[in-house]
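2 protein chains.
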Amino acid sequence: MSSTRDIDALIDMMARLPGLGPRSARRAVLHLIRKRDLKLTPLADLMQTVAATARECARCGNVGAAEICDICLSPKRGNGQICVVEDVADLWAMERAGVFKGRYHVLGGTLSALDQVGPEQLRIPRLVARIEEEEIGEVILALAATVDGQTTAHYIADQVEDRVRLTSLAQGVPIGGELDYLDEGTITAALNARKAL
Amino acid sequence: MSSTRDIDALIDMMARLPGLGPRSARRAVLHLIRKRDLKLTPLADLMQTVAATARECARCGNVGAAEICDICLSPKRGNGQICVVEDVADLWAMERAGVFKGRYHVLGGTLSALDQVGPEQLRIPRLVARIEEEEIGEVILALAATVDGQTTAHYIADQVEDRVRLTSLAQGVPIGGELDYLDEGTITAALNARKAL
Ligand SMILES: [Zn+2]
Ligand SMILES: [Zn+2]
Numbered sequence: 001m002s003s004t005r006d007i008d009a010l011i012d013m014m015a016r017l018p019g020l021g022p023r024s025a026r027r028a029v030l031h032l033i034r035k036r037d038l039k040l041t042p043l044a045d046l047m048q049t050v051a052a053t054a055r056e057c058a059r060c061g062n063v064g065a066a067e068i069c070d071i072c073l074s075p076k077r078g079n080g081q082i083c084v085v086e087d088v089a090d091l092w093a094m095e096r097a098g099v100f101k102g103r104y105h106v107l108g109g110t111l112s113a114l115d116q117v118g119p120e121q122l123r124i125p126r127l128v129a130r131i132e133e134e135e136i137g138e139v140i141l142a143l144a145a146t147v148d149g150q151t152t153a154h155y156i157a158d159q160v161e162d163r164v165r166l167t168s169l170a171q172g173v174p175i176g177g178e179l180d181y182l183d184e185g186t187i188t189a190a191l192n193a194r195k196a197l
Numbered sequence: 001m002s003s004t005r006d007i008d009a010l011i012d013m014m015a016r017l018p019g020l021g022p023r024s025a026r027r028a029v030l031h032l033i034r035k036r037d038l039k040l041t042p043l044a045d046l047m048q049t050v051a052a053t054a055r056e057c058a059r060c061g062n063v064g065a066a067e068i069c070d071i072c073l074s075p076k077r078g079n080g081q082i083c084v085v086e087d088v089a090d091l092w093a094m095e096r097a098g099v100f101k102g103r104y105h106v107l108g109g110t111l112s113a114l115d116q117v118g119p120e121q122l123r124i125p126r127l128v129a130r131i132e133e134e135e136i137g138e139v140i141l142a143l144a145a146t147v148d149g150q151t152t153a154h155y156i157a158d159q160v161e162d163r164v165r166l167t168s169l170a171q172g173v174p175i176g177g178e179l180d181y182l183d184e185g186t187i188t189a190a191l192n193a194r195k196a197l
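Going down the list, the sequences are from chains A and B. Here UniProt numbering is used: the first residue of the first sequence is 1, the next is one more, and so on. Here UniProt numbering is used: the first residue of the second sequence is 1, the next is one more, and so on.
Isolated chain A, as found in the complex (with noise of 0.2 Å):
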């Protein structure tokens, strides 16, 4: 049908965000169409507005409006702490937690030798040169429990542990989270660092 071509492209390209699609991209249209003027305009403008000023923070990697995002240039932010996460949805969840007072360093991945990875793709050497410039006491590794995750992390240990002090996140039970649904190697780390009540 010719004419509800553009209709038809729009949903292919719903449905092909991460986390949809077809039939959830038919139901977002569909809804979308139904509220046009309360909905999908001012969600055009929007991503319009974001398409045009969104960019990566020259420092950090954040997501942000400007070269430098707030984080950085907060100088409340400067605590010489930097918390390093794979991608910019980790540095979000760290920011909802809100219990981070220190400054991100998003690497974009980790090292990956089948994908070609390597340390000059997830700016390494830029948290090199950060800890200098930005007198940097502690560094926090927030990276996934993965085989690469957990090659990444060594790699930038080795690379900073002279001049810093190094941490990561405990591995534990999530709270709330039922034994059940936890893998093996979850229930050994928190047993492992298991603490006296």
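A few of these clues could be false.
No copy is singled out in the list; a pair is fine if it fits within one copy or between any two copies.
As the list claims (entries may be wrong) - Lysine to aspartate or glutamate pairs mimicking EDC-like chemistry, simulated, CA-CA at most 20 Å apart:
no.	residue 1	residue 2
1	Lys195	Glu184
2	Lys35	Asp87
3	Lys39	Glu56
4	Lys76	Glu133
5	Lys35	Asp115
6	Lys101	Asp90
7	Lys195	Glu95
8	Lys39	Asp8
9	Lys35	Glu67
10	Lys76	Glu184
11	Lys101	Glu135
12	Lys35	Asp45
13	Lys195	Glu178
14	Lys195	Glu86
15	Lys35	Glu56
16	Lys101	Glu178
17	Lys76	Glu138
Worth flagging that the hints you see were computed from the coordinates, not collected in a lab. Nothing here was measured: the structure is a model prediction, and the numbers come from that model.
Got chain A; can you put chain B with the ligands on it based on the hints?
Leaving out everything else, chain B with the ligands in the frame of chain A:
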């Protein structure tokens, strides 16, 4: 963070779409920002186009880009059959099956005393008028087997059964559907409508 306000607002709008939530909205927006030129800008443009052109077919309630939709305009689809569906999503599902050759009538909901949805809100008078105007010989009710769906089916039957042949989709076990996952009503209906092999 003021400079990420637009990004936060975009995540917020996406998260409120049916089928998405905060987590998938965050992932989708990060993905779009990373592929700004390839994905975010084209998606925003397409939404603008659809917002400017999409409209409900004045005859059947389908969604398209013209006053009257392609299906209503196609002489091939004027075979004297109208399939009554609750929603445009149901019309699309029927079209994907590709088996129905007639036209549609989209109610836009089901009768509901609770939500104060009456026959006028559902284009039922329009359906009655179309039976005369388009020389319809059969109305196929493709409504959900819910209380509201069946109330609506009975109401439509009362209005049109003396003018037209009235049928409804067969109920039974979906192809590939395991009995274990089906509700008792479906199993009962499938058993009652059993056929000799
Ligand atoms: Zn930054
Ligand atoms: Zn139509």
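Given identical chains, is Lys35 near Asp87, meaning Cα to Cα at most 20 Å, within a copy, between copies, both, or neither?
Intra 34 Å, inter 15 Å, cutoff 20 Å: inter-copy only.
Evaluate Lys101 and Glu178 at a C-alpha cut-off of 20 Å and name the case that applies: within, between, both or neither.
Neither, since 30 Å and 52 Å both go past 20 Å.
At 20 Å max between alpha carbons, let me know whether Lys195 reaches Glu86 within a copy, between copies, both or neither.
neither (29 Å within a copy, 58 Å between copies)
Alpha-carbon proximity context of Lys195 and Glu184, limit 20 Å:
Within one copy, since 19 Å is at most 20 Å while 50 Å is not.
Is the C-alpha distance from Lys195 to Glu95 at most 20 Å within one copy, between copies, in both cases, or in neither?
This pair counts as neither: shortest intra-copy Cα distance 27 Å, inter-copy 61 Å.
If the cutoff is 20 Å on CA atoms, where do Lys39 and Glu56 land: within, between, both or neither? Let me know, please.
Between copies only: 17 Å across chains, 27 Å inside a chain, cut-off 20 Å.
Is it within a copy, between copies, both, or neither that the alpha carbon of Lys76 lies no farther than 20 Å from that of Glu133?
within (17 Å within a copy, 73 Å between copies)
First find the shortest C-alpha distance between Lys101 and Asp90 inside one copy, then the shortest across copies, and answer within, between, both or neither for a cut-off of 20 Å.
within (15 Å within a copy, 50 Å between copies)
As a check of your reading, is Lys35 near Glu56 (CA-CA no more than 20 Å) within one copy, between copies, both or neither?
between (33 Å within a copy, 12 Å between copies)
How would you classify Lys76 and Glu138 at a CA-CA limit of 20 Å: within, between, both, or neither?
within (16 Å within a copy, 72 Å between copies)
Measure nothing new, just compare the shortest in-copy and cross-copy C-alpha distances for Lys35 and Asp115 to 20 Å and report within, between, both or neither.
between (42 Å within a copy, 19 Å between copies)
Have a look at Lys101 and Glu135 and pick one of within, between, both or neither, based on CA distance no larger than 20 Å.
within (16 Å within a copy, 72 Å between copies)
Violation of the numbered hints given earlier is confined to hints 7, 10, 14, 16; the remaining hints are satisfied by the structure.
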